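Read top to bottom, the protein sequences are chains A and B. Per the numbering used here, the very first residue in the first sequence carries number 121; after that it's consecutive. Per the numbering used here, the very first residue in the second sequence carries number 121; after that it's consecutive.
Any given hint might turn out to be false.
Which copy is meant is left open, because identical chains are indistinguishable; a pair holds if it fits in one copy or across any two.
Stated by the list, open to error - Simulated pairs of lysine to any residue, SDA-like, Cα-Cα distance not exceeding 25 angstroms:
#, residue 1, residue 2
1, Lys456, Glu367
2, Lys265, Ser149
3, Lys438, Asn185
4, Lys179, Gly440
5, Lys194, Gln150
Keep in mind the hints are simulated off the structure, nothing from the lab. Every value quoted in this text rests on a predicted model; they were computed, and no experiment measured them.
There are 2 protein chains.
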Amino acid sequence: MPNGRGLTPQSEDFSAWYNEIVQQAELASQSPVRGCMVIRPYGYRIWELMQGALDGMFKATGHQNAYFPLFLPKSALDREAQHFEGFAPETAIVTHAGGVQLEEPLVVRPTSEAIIWPILSDWIQSYRDLPVLLNQWANVVRWEKRTRPFLRTTEFLWQEGHTAHASEEEAEEETRRMLGVYRTFMEDWMAMPVITGLKTDSERFAGALRTYACEALMKDNKGLQAGTSHNLGQNFARAFDVRYQTEDGEHVLVWSTSWGVSTRLIGALIMTHGDDAGLILPPKLAPYEVVVVPIWRDDEQREQVFEAGERVRVELEKAGVRVHVDAREGMNPGAKYYDWERRGVPLRLEVGPRDVQAESVMAVRRVTPEGADRKLPLPMEGVAGVLRDMLDEIQDESLAAALARRESATVRGLEDYSEFQRLMETEGGFAFTGWCGEGECEQQVKDDTSSTIRVIPDEEYRSPNAPVRCLCGEPSRYEVVRARAY
Amino acid sequence: MPNGRGLTPQSEDFSAWYNEIVQQAELASQSPVRGCMVIRPYGYRIWELMQGALDGMFKATGHQNAYFPLFLPKSALDREAQHFEGFAPETAIVTHAGGVQLEEPLVVRPTSEAIIWPILSDWIQSYRDLPVLLNQWANVVRWEKRTRPFLRTTEFLWQEGHTAHASEEEAEEETRRMLGVYRTFMEDWMAMPVITGLKTDSERFAGALRTYACEALMKDNKGLQAGTSHNLGQNFARAFDVRYQTEDGEHVLVWSTSWGVSTRLIGALIMTHGDDAGLILPPKLAPYEVVVVPIWRDDEQREQVFEAGERVRVELEKAGVRVHVDAREGMNPGAKYYDWERRGVPLRLEVGPRDVQAESVMAVRRVTPEGADRKLPLPMEGVAGVLRDMLDEIQDESLAAALARRESATVRGLEDYSEFQRLMETEGGFAFTGWCGEGECEQQVKDDTSSTIRVIPDEEYRSPNAPVRCLCGEPSRYEVVRARAY
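Using the sequences provided together with the hints, build the complete structure.
Put into structure tokens, the structure is as follows:
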């Protein structure tokens, strides 16, 4: 049941809470096309901030953007057998265009390997052309049966990196490097801690040799795959005959990678930080880091508080802070507070006649740290610097809070299967357990508990005393992270 | 026949020259999908610079970005009759998805009015919701019979602005404002002069009340429509029943606009400035404004010139100049000069051992102004400031040169039809003539001469002594700009 703010509490129905946030914070809305959402300006601005940060990191690691066609010839998709099997069932097909039936139907790209590799085979001739380090910002379409805004939509926006290398080692290095870039972005920008590691064979990208992923834990204790980086080996090079001439004159297949994150990250952001009052945005990804709410009763006061609000705005913009003055008429300050809380703005500044008199403003944080005062009066003099520091603190605290939450929802060393089953059915969370390495066992646990192996975690995440037995009782070959997941 | 640089001279075959530039400057290449090009990194970087500038101007005029679905239900397209007639014949249709035939086929958007307006009808309730000022960066698909890279491709990238207003005046103001934004961008960034004005009924956007356009003249004296801004009146509001409640409680239809520019602008840039040696880029849109070419014979020299080149690079980057050091091994400096000339880099810096000795660098402009020296030695000390100023000069000179060229290819006051016909068949260019205002006459001239009325120009462009007769001999109602065009 929605609370006084029109939001269902998370504890009551997390899924309803999520849908209401998306709606009420005006992040996205439904469209007349099944499974396709509209990303509204407030949601799209978050995506633009994400894009800006990621794009900078891609360029800093030597990548260039390019753009490949939306359509793939249907025959190109089936050149790599596993890739075809993985994607063909969920594609959208163009059969008619320009008023006539096409000789060969076109597939709307579900991912771009099958159009990029035939083209790169022309671009790549010699070892001098390598490495090729490309990225594309684009829309892709996967015909999903059940969709949810941001988390799983028929059309979504993403970036897809595609690279070609002269050696297996370089390709593996690139795959790991980009996984690291994702992790840095998720932690430093999204304030969302992740566990990085290797996917099992059953969860591997269709056509990849190895898939690495960043796995996060949402506030309902369900896991979410936030980004993937694939070492494609020579699979696509072989399928599309992409060769380069070595210094010795040999013609050999290239090694390739691909890696991507999507608008799904906005869903991850919502479910990592939000609370019963609404969205909570880490400052670095907040469309507005600060919202100024002027408070007045009469025209004279109005003039004073707007003048003061304007001064603050100019100072903050000079300091590189994204700020908005909420000048809406006919709406009381309390309603504005609610509105911006629901939209997750990290800091609100109240400017009333008494504040103007005292040459100060009242700062209110979206999230009050334990033991701190909810409201903090700040002198106007030097306010931009103080707020800039506060925003940096909030960013750090957001990550620390999310990390503490994840750790409190993480269990290690479980070997008893019935205890594991109970855990997945009740609290959920991340469970570090053993795994015998058998696909059958993996499937059985999935069938029994609806949980999956999220990753075989990278070394730094592993337990000092990892379980010696798999949940099935056999000796463990890998420590794995299991969870029910989106 | 290609010249020593592998380029066909413009005077011999402009169209071949264009295709070769696109290929050799690595701006775009063909794809296995008919009519769809691949935008290569160097070309895409130009698009990113264009996007950055335009996006800033859109935001400065109060617009926000959003994202609407790639697909339209087929039935939505036919809600506005003229719009349907205009676009239906060139659409691509998805009939199957997720392995089954769709109940209602989906149209891949040729433009987004038919998906945006049904959605905005939900968002807009009251006069308080107006104006709605949206922009979308997206790909669109129009099934073209004859395609050319950038100028006309089946899929292209663009931005489309969509706005809703409370009154006809506001909509008209917005339409004109965005036309002005385009003009400013084209002149100040692309260094491409344009004539703004109104399209005739026959060239109007399908569904619009009035279409305004920016028209440019390419180096082969053919016109090119570079951007359009449409006052849609209440046509789409009526078709999709988009109403708002006025302060008096009435429910009335909104007034709307749309406006767009596309990757076609890259084609316009090529054909506005390029010469027989290749591309020429105005500094503001050059992926690299400066390329440093180190020159060396032995390892000792190599170390010296790279050290000097690196110092210059760091200084230039500090000054906000996009710079690249061409460190390719096994390629002589002359080949590098050719390469960067072909790619249109405004300034090249040669750094050889003697330059290092003299604490100087040699600057060479892509285009040498008349009477100026081609090569200019510059002291290392303070080189960034000097180059920054030179780049600003080059930007200004590019526009001045393009303007002078257009003016020299513009004829005013023509009333004699046979003279006009001869002009269109020989020199081409812009002809300011009279027009009786009749569609039949317009069509006849088109049939006879392959020229069209580009625009009824805005007042500032009109001739002091405009023709009093149309080409058909009847009294002129409008002065118009005619040309053969892309």
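Query raised in the report: Which earlier hints can't be squared with this structure?
Result: Hint check: nothing fails, all pass.
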